[in-house]
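The hints should help you fit chain B onto chain A, whose structure is shown.
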Amino acid sequence: MTHAVPPPRLPVRDRAAVPDPAGGGGVSPMLTRLAAERATGVLEREHGTLHLADGQVVHAESPFAPGLADLLLAHGTLAADAWRQAVERADEEHGAGRLLVEAGLVARGALEICHLGALYDAGYFALAPSSTPGRFHYGSGQLLGAVRPVTVAELERETLRRRALLHRLWPQPLADTAPLLRTTPRQAPVPATAPDARQRAVLALVDGVRTAPDIARALGRRAFPTLADVRRLAAAGLVAAKPPPSAPDPPPGITLPPVTDPDITLLKRLRDALEAL
Amino acid sequence: MANTETALKEALASIEGATGAALVDYTSGMALGTIGGSKTFDLNVAAAGNTDVIRAKIRTMEHLGLKAEIEDILITLTDQYHLIRLLTGRGGNGLFLYLVLDAKRANLAMARHQLKRIEESLEV
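Line by line, the protein sequences give chains A and B. Under the working numbering, read the first sequence as residues 1 to 277, first letter to last. Under the working numbering, read the second sequence as residues 1001 to 1124, first letter to last.
I should point out that these hints are in silico values taken from the structure, not numbers from a laboratory. Any given hint could be a false lead.
[Stated by the list, open to error] As a list, the in silico EDC-like pairs of lysine to aspartate or glutamate whose alpha-carbon atoms are at most 16 Å apart:
1) B:K1057 <-> B:D1072
2) B:K1057 <-> A:D196
3) B:K1067 <-> A:D196
4) B:K1057 <-> B:E1071
5) B:K1104 <-> B:E1016
6) B:K1116 <-> B:E1062
As the structure is a prediction and not an experimental result, all values here were calculated from the model.
Chain A with its partners taken away, still in its complex shape (with noise of 0.2 Å):
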């Protein structure tokens, strides 16, 4: 036996470029450095974008996400005139909802909690990982004005939570984006399993064309939720996701380089070899 050189180190994955879905910290970098220097103005990320002030998100906006108009106006709590006129006459010191409660139309804590909602739901899908570099754009202009302002890492530890969570329920990001197909499940459901009544809401609304962010505004209901009744749906076999219409050739950047060391080709013969076994 004799000694050895030092084995040559083994590939790891880069983490940086393959985001770990139940990971902490992190989500973005960029949004990390525009906290610590308490930057007011808009972040653009490819799903969605976070107004900060003073380093603090006050309002986030996603295409997948219904907004705050949305949630107010879908179950009555607010006429869609009332909103409209708010809007109208807001500007950067009165904002829209400042306005809808002093006017007395909207309480307080409604206005809040609808808002965090929207904020939340937003900010999950703006943070989720993308392939194009975000723009930050410095100064305001967001016309809804503070309502409660969370810190960067607030929005952070509960877009982790919430992929974690999502996760758990079913591996399957693409129940996110992707239209939705009725399936019928193997076996009858389990009682423990049976879609309740917000999710056979949900599965009313299933017809290969709607995806889930379209459910939740039809619905009048926050993304998340409708996201996690979508995964649970899809869990209990009655949902899966449409796959994309035709499967792209793999791209060419994934074939690896051949490989001449030595040491590498051995241990890969030799996991061959263990796999075969």
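Below, chain B alone, put in the same frame as chain A:
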């Protein structure tokens, strides 16, 4: 008309024996506000976990065909009471107030009464 932060502060200050309180959205398990708690008692974790308690109870009631609404859920530990009060909001939000009480100091009937009053002041 109270915002969530003042409502939670009031809960902690006015209810005898209260050591922590949270306002939780049970459709997502997110704590919209917390007060009190300690290093060893993370209210955010308690909020998310108790969401499952409520979901299970609502589902069971549905299976039993019970039409009544849940007012509150009481969990008694050897040294603590956990009181969960469901809020009926107009905005279509499923929310609950979660209150942790020290069993030696708390008066349950009084705590329930106070929590109901705080719910009314919250106007969600």
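Hint-by-hint comparison with the structure:
Our distance criterion of 16 Å between C-alpha atoms is met by B:K1057 and B:D1072, whose separation comes to about 11 Å. This hinted pair checks out: B:K1057 and A:D196 have alpha carbons roughly 12 Å apart, not beyond 16 Å. Only pairs whose Cα atoms come within 16 Å are accepted, and B:K1067 paired with A:D196 is accepted, the gap being roughly 14 Å. Using a Cα cut-off of 16 Å, the hinted pair B:K1057 and B:E1071 holds, with the two alpha carbons roughly 12 Å apart.
With a C-alpha separation of about 10 Å, the suggested pairing of B:K1104 with B:E1016 holds against the 16 Å cut-off. About 24 Å separates the Cα atoms of B:K1116 and B:E1062, which puts this hinted pair outside 16 Å; it is violated.
In terms of the numbered hints stated before, the structure departs from hint 6 and from no other.
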